[in-house]
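There are 2 protein chains.
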Amino acid sequence: MAKTTSKPSAATRRSPCPVACSLDIVGDRWTLLVIRDLVFGRTRFKDFSASPEGIPTNVLSERLARLLRHQIVGQIPAHDGTKRSAYQLTEKGQALRPLLEAMCDWGLKWEPDTQALMTSEPE
Amino acid sequence: MAKTTSKPSAATRRSPCPVACSLDIVGDRWTLLVIRDLVFGRTRFKDFSASPEGIPTNVLSERLARLLRHQIVGQIPAHDGTKRSAYQLTEKGQALRPLLEAMCDWGLKWEPDTQALMTSEPE
Chain A
2 MAKTTSKPSA ATRRSPCPVA CSLDIVGDRW TLLVIRDLVF GRTRFKDFSA SPEGIPTNVL
62 SERLARLLRH QIVGQIPAHD GTKRSAYQLT EKGQALRPLL EAMCDWGLKW EPDTQALMTS
122 EPE
Chain B
2 MAKTTSKPSA ATRRSPCPVA CSLDIVGDRW TLLVIRDLVF GRTRFKDFSA SPEGIPTNVL
62 SERLARLLRH QIVGQIPAHD GTKRSAYQLT EKGQALRPLL EAMCDWGLKW EPDTQALMTS
122 EPE
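These protein sequence lines map, in sequence, to chains A and B. Under this note's numbering, the letters of the first sequence match residues 2 to 124, in that order. Under this note's numbering, the letters of the second sequence match residues 2 to 124, in that order.
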């Protein structure tokens, strides 16, 4: 198996703690924003890239590759018939919704001036 | 106000999205592991440092300072009467429990060979 497709194993993980293992995958400033965009129906690289946080394209490429590797997203043909891929959440990816909702709830309650502004379609 | 005690404002935030604002505080590989340790009753720098993931002490210092700055943890006198501080979760910090539980649940379900091994007392 090519190195780029390898997944964490007991040997590379920091511990068997499920929180630590989850953080090894989604514990950064950007990954859950891409998951958020996918939950809201965005499917294309350009859509994620257009989100207000301004994810750098090299970071986005790396995160999408990681999400594919962990089978959190899958690739599908783009609706517009171009050869570019679109992305969608797998069952494993959909299962991150409670985590995203907990993060949203906490932010709304405890960080002033936050607003859940995202809509279900790209602008 | 000293620069080190400043909090994110509308000017420094990536967006008003509550997920993005939460990730600006806890979106890294280590912070939620410190929160986990606090939930399990660990209170001292040396306890967090002894957790199996092996957080580097400079990273731990920086994360505790950030958590204090965001009023997610507070400092209390250590039980052993030394001058060193102990830490405890504030109400805002306790409110991160659902997020931690969602992360734990997802890891247990979707990442193989994870185990919720932590106990409520330091070893």
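FYI, nobody ran anything at the bench for these hints, they're computed from the structure. From a predicted model like this one, the values you see are computed outputs, not experimental measurements. Built from N, CA and C at the ideal position, the CB exists for glycine as well. Hints may contain errors.
Some chain B residues close to chain A (C-beta under 10 Å, calculated; not the full set) [said to hold, decoys possible]:
#: 1; residue: Pro17
#: 2; residue: Phe46
#: 3; residue: Leu61
#: 4; residue: Gln76
#: 5; residue: Ile77
#: 6; residue: Leu109
Examples of chain A residues lying across from chain B (beta carbon under 7 Å, computed) [what the hints assert, rightly or not]:
#: 7; residue: Leu24
#: 8; residue: Gly28
#: 9; residue: Ser62
#: 10; residue: Leu65
#: 11; residue: Glu92
#: 12; residue: Ala96
#: 13; residue: Leu100
#: 14; residue: Met104
#: 15; residue: Gly108
Covered stretches of chain B (in silico footprint by chain A; criterion: 3 or more residues with CB under 8 Å from a CB of chain A, positions within the stretch not fixed) [stated by the list, open to error]:
#: 16; segment: 18-26
#: 17; segment: 31-45
#: 18; segment: 81-90
Which of the listed hints are not met by the structure?
2, 3, 4, 5, 9, 10, 11, 18
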